[in-house]
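Keeping their order, the protein sequence lines are chains A, B and C.
For the first sequence, my numbering begins at 1 and goes up steadily by one.
For the second sequence, my numbering begins at 647 and goes up steadily by one.
For the third sequence, my numbering begins at 884 and goes up steadily by one.
Please note: incorrect hints may appear among the correct ones.
Said to hold, decoys possible - Below, computed lysine-lysine pairings styled on DSBU-like, alpha-carbon distance capped at 35 Å: (1) A:K583 to C:K1147; (2) B:K879 to C:K1118; (3) B:K825 to A:K35; (4) C:K905 to A:K625; (5) B:K779 to C:K1118.
Read the hints as simulated data drawn from the structure, not as lab findings.
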Amino acid sequence: MTFSALIALLLALAISATLFGRRALKLFTLVRSGKPAARFDDAAARVGAEATDVIGQRKLLQRLLPGLMHAAIFWGFLVLFPTIVIAMISAVDPHATLPWLGAQGWYASLVDVFALLVLIGVIAAFVIRKVQRPARFKGSHRGEADLILGLIAGIVVTLFAWHASQIALGLNDYPASWAPISSGLSHLVSPVAAPLERVAVWAHVLIILSFLVYLPYSKHLHILVAAINVYFGRTRARGRLEPIDFEVPEQDVRFGTAQAADMTWKQMLDTMSCTECGRCQDVCPAYATGKALSPKLLIMAMRDNLLSGAATPVVPGAVSDDVVWDCVTCGACVRECPVNIEHIDHIIDLRRNLVMVESRFPDEAGTMLRDVDRTSNPWGKPQADRMQWAEGLGVRVLRPGEAAPDVLFWVGCAPAFDERARKAAVSTAKLMQEAGVDFAVLGPRESCTGDPARRMGDEYTFQRLAGENVATLNGAEVKKIVTTCPHCFNTIGNEYPDFGGRYEVVHHTEFLAELVREGRLSPAPSDRTITYHDSCYLARHNDVRAQPRELVAAVGKPVEMARNRERTFCCGAGGARMWMEEKRGRPINQERVREAVATGAETLAVACPFCTVMLDDGVRETGAKLQVFDLATLLHEAVERGREGQ
Amino acid sequence: MLTADARAIDTTHLGFTMSPHEECGVEEAVRLVEANKGESVVLTLGPAEATEQLRDAMALGIDRAVHLQTDGQEWDGEGTAAALLEAIRADEAANGPFDLVFFGNESADSAGFQVGIRVAYALGRPCVTGLKKVTLEGSSVRCEQEVEGGRDVYVVPLPAVLTVKEGLNLPRYPSVPGKMRARSKPVTVSTPARPAPRLELVKLAVPAGQGRRAESLGSGAAAAPAVVEMLQKAGAL
Amino acid sequence: MTVLVLMDSSEASRQALTLARKFGEPVSMRMDAFQPFAPEALAHAAAEVDASAIFAAGTDRGNDMMARVAARLGLPLAANCVAATPGDPVTVTRLRWGGSLLEEARLHSPRPLITVAPHAVPADTGPAPPEVEPSTSVEGVQVSGHVAPSNGGVSLAEAKVIVSGGRGVGSKEGFAIIEELAGLLGAAVGCSRAVTSAGWRPHSDQVGQTGTKVSPDVYIACGISGATQHMAGLKGAKRILAINSDPQAPLMLNADYTVTGDLKEIVPAISAEIRRARAGRTS
Chain A
1 MTFSALIALL
11 LALAISATLF
21 GRRALKLFTL
31 VRSGKPAARF
41 DDAAARVGAE
51 ATDVIGQRKL
61 LQRLLPGLMH
71 AAIFWGFLVL
81 FPTIVIAMIS
91 AVDPHATLPW
101 LGAQGWYASL
111 VDVFALLVLI
121 GVIAAFVIRK
131 VQRPARFKGS
141 HRGEADLILG
151 LIAGIVVTLF
161 AWHASQIALG
171 LNDYPASWAP
181 ISSGLSHLVS
191 PVAAPLERVA
201 VWAHVLIILS
211 FLVYLPYSKH
221 LHILVAAINV
231 YFGRTRARGR
241 LEPIDFEVPE
251 QDVRFGTAQA
261 ADMTWKQMLD
271 TMSCTECGRC
281 QDVCPAYATG
291 KALSPKLLIM
301 AMRDNLLSGA
311 ATPVVPGAVS
321 DDVVWDCVTC
331 GACVRECPVN
341 IEHIDHIIDL
351 RRNLVMVESR
361 FPDEAGTMLR
371 DVDRTSNPWG
381 KPQADRMQWA
391 EGLGVRVLRP
401 GEAAPDVLFW
411 VGCAPAFDER
421 ARKAAVSTAK
431 LMQEAGVDFA
441 VLGPRESCTG
451 DPARRMGDEY
461 TFQRLAGENV
471 ATLNGAEVKK
481 IVTTCPHCFN
491 TIGNEYPDFG
501 GRYEVVHHTE
511 FLAELVREGR
521 LSPAPSDRTI
531 TYHDSCYLAR
541 HNDVRAQPRE
551 LVAAVGKPVE
561 MARNRERTFC
571 CGAGGARMWM
581 EEKRGRPINQ
591 ERVREAVATG
601 AETLAVACPF
611 CTVMLDDGVR
621 ETGAKLQVFD
631 LATLLHEAVE
641 RGREGQ
Chain B
647 MLTADARAID
657 TTHLGFTMSP
667 HEECGVEEAV
677 RLVEANKGES
687 VVLTLGPAEA
697 TEQLRDAMAL
707 GIDRAVHLQT
717 DGQEWDGEGT
727 AAALLEAIRA
737 DEAANGPFDL
747 VFFGNESADS
757 AGFQVGIRVA
767 YALGRPCVTG
777 LKKVTLEGSS
787 VRCEQEVEGG
797 RDVYVVPLPA
807 VLTVKEGLNL
817 PRYPSVPGKM
827 RARSKPVTVS
837 TPARPAPRLE
847 LVKLAVPAGQ
857 GRRAESLGSG
867 AAAAPAVVEM
877 LQKAGAL
Chain C
884 MTVLVLMDSS
894 EASRQALTLA
904 RKFGEPVSMR
914 MDAFQPFAPE
924 ALAHAAAEVD
934 ASAIFAAGTD
944 RGNDMMARVA
954 ARLGLPLAAN
964 CVAATPGDPV
974 TVTRLRWGGS
984 LLEEARLHSP
994 RPLITVAPHA
1004 VPADTGPAPP
1014 EVEPSTSVEG
1024 VQVSGHVAPS
1034 NGGVSLAEAK
1044 VIVSGGRGVG
1054 SKEGFAIIEE
1064 LAGLLGAAVG
1074 CSRAVTSAGW
1084 RPHSDQVGQT
1094 GTKVSPDVYI
1104 ACGISGATQH
1114 MAGLKGAKRI
1124 LAINSDPQAP
1134 LMLNADYTVT
1144 GDLKEIVPAI
1154 SAEIRRARAG
1164 RTS
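Chain A extracted, bound-state conformation:
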């Protein structure tokens, strides 16, 4: 019997290993064929990410209850892994087990406890899916999920049945008192212990082996791929996009993603890691307001397209144009994803192909791209007009050849060319003058940082502008830059180093907060209730959350919106959407304004020219009783008040 059992086990192993192996090899080869991605540096940070995100389940625990549910199952499987081997040995010979470990009482305890935790986790998962029915599962393969949960349940149930009958038959090598649950169950099963023990152990092994075969054909593949995906995740600034190398021969340039084969291996790995959990979908501002885009459905579509081996264009075949353009690059999806999928990179690469190769993009954005290319600013206005905002302020314009000031005030295109964005720059300039800061602006020598072009996918124009700006800044030997615009802040600080521009870049809220702390600016507080809207490019991509709040507290009474700090809800202008029309669903800016109104605050404070315009529009469109001001303007008012009070 032992001999035929051995044959049977070996046969089962051989079949499942072959089936699993063939599919795994196919997927591995596919990923190997992906385009290059530079993700082999910074091993220390990568190992750290494994520890916190994989072992520590950090991102899953961002949602506590589902996080604990998953952690139970995950940690459970880590602990239970050796029992798979033990089960296979036992299947052949009921008296045999793993040397040493099989006899350890403490291990038997762990197994009992964690098997129960896994079972509780699975039940919790079913309750979430069947009773609570969260919206984030809309579009996911729920049947597949049920099957997987069922198989997991089957694994632990057969484990308990086997251990219980094993104990009832006295076959256990570990002291039964260390396995209280199994021991307890053993009393129940003792009448049928003998057949049950064989059935349970074989069922256990066979379920595991079939699960193994099913693994690479289902989303449960994530248990193999996710840990790898986390290892190869971004270690550099979140707000930085990876540049394209245009210096290679034209046919070798990778213009983003036209077909599945154009994806980098990291992006392919991304699509295979997706568990269809929908956390990204839940926080996406586009999805929340009725647009076509769901980050989850996007990654699923990219995965299905990749695995089908199709050589047809991804857009519009697998992914519609709308989906590609709906994205505001706010990064909420990336922040939520438990397996560190980088949705924004996928979307930008799709955009890069559509814009640079196919010239296929919303018409109104085309006007912006042409303007950025020809007049070096997205408004298409003359560069010579860049100092109009500063008329009468006595702001120093840095001329070529002059020594750089302590701080270069990078104004940005919005305050120069959009009348609503102007105030923040004026207030910042006045405050810096008041505090005696040695600063200057570049005036007409400042070109657009290229952020709108880059976010639209026109990497070519972006790199040209970046090169020009870096040459200007390096030529002037600028060391420190302060800017009112989070997009300029992100691009110059995180993206210009790739083009030879390394400067200390500070957002104006950080800079002004420091001046207040140092006592160089003395704002008088007020009773005005202020709710602060975190800009995506500040709070989420760059972790600037505390300093703006210092300013709010210094000038009024802060009250927070529900979605604040790194959970902030986008104003709708990111991803170059400032220049595109919202054609479907509800406007994102109005959604955010409603949230601000719900706090009961009188004032909505912002720290970004785009947020200013979008939320001001939102206030006008909804008729909300709210006033939108940049923090610099609020601070300036408070400083004036402080002076009057003296």
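Based on these hints, arrange chains B and C on the given structure of chain A.
Below, chains B and C alone, put in the same frame as chain A:
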């Protein structure tokens, strides 16, 4: 706005572009060659920096360029036409005749309205101006010119010279591979001698405003009654 | 000294006549002397007339004609002049950049050829000059057919009232309120170049230097910043009303009347006010 001697516009911080009518001409040429096989050439008379516009044209799909390089001084319409004529004759001698030569109806800056017609006369070819639609019909070309109350149609035999207007087509957005390929397409450069201009620029001046007073009628929807009153007084209602 | 003026029934021709009179006794030749219109033949005939200078209006047809005359005679042409003074050499002031810049130039020519920019010089009010018949007819380019305008709407070039939208309108669909107001006023709908580049309206609606130059009694500009090439198309507009959220936009500074604010609120409000005013009158 103007240089110190008031003989040119101060171009620091200004970008340059192709004239809108001419951009449509370039696009039309590219489309015709795409549909009918053949070769397209773009020519310009201008300073060294004008190479950028030649590359832009080649990024849209033009095959090669001829650059008649000047030292930056202005040439009048007659002089420009003469230099272009010589370049066209030289190119035709070397590479065969052009079926069509496109010009912009007038340039956006000096707007002389004459270069295309002068070249056509010198080449002895029929010329139709201000076109909004061009259709090849065998060895003729059917041209539509906008006039009051519709469009006049001209049918002229090839080879012909046509001057076109914006609205002829919507120029494509150049692809980046197109821009990259344009960097290595051939440009033939020569430096023609500048004749003394018979329409001689003395100086430029910024005109005084038309004296419009910009009277505010109010702000927001509340201004509507004042607007309607103004419209009534103006006889628009 | 006899001066030839190529004329049609337009006011622009009579404006050209005003400048022509400074150069001598005018005689005229009708631009439609040949039917169908034959620019080559007409240019040939004009060149044959014994005149010391030739003038025409700086319209599309006028400029085309004079360029042909100039090419035929091998003489320089000063197009789109707003001033011309006889002398040796003749001095002219001509328009550049659709009128945003003036060029002072000397015309070195034994027979000055000049076209006169419309809306720049007062129309001549004197008696019509004696007509000269073309002496010869010569083969050449001529009109072979005609296409009627495709849209039944009011023609932009002839419209007395125009409601025009720019980038501020926001989208193709956003033009609904512009069309509504235009409908109430019996006006034509125009747009800026930004709008045609974005594909929201056809090029035939574009007002400006490279679009249609208009001369309405009232031009209502909604959300148009007023780039020089757009302003170049408005020289003939009698009254300009600019509606914009930016009070410093060039068109706001160069209009006759302005309303500051969001056009998406203002334009429908004007339409509503018009309906109210009309209802009030009939009741």
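Status of each hint after checking the structure:
1. A:K583 to C:K1147: Given that 35 Å is the threshold and the Cα spacing comes to 16 Å, the pair holds.
2. B:K879 to C:K1118: Given pair K879 (chain B), K1118 (chain C) holds - Cα atoms ~21 Å apart, limit 35 Å.
3. B:K825 to A:K35: Status holds; Cα separation ~23 Å.
4. C:K905 to A:K625: The hint is violated at about 66 Å.
5. B:K779 to C:K1118: holds (27 Å)
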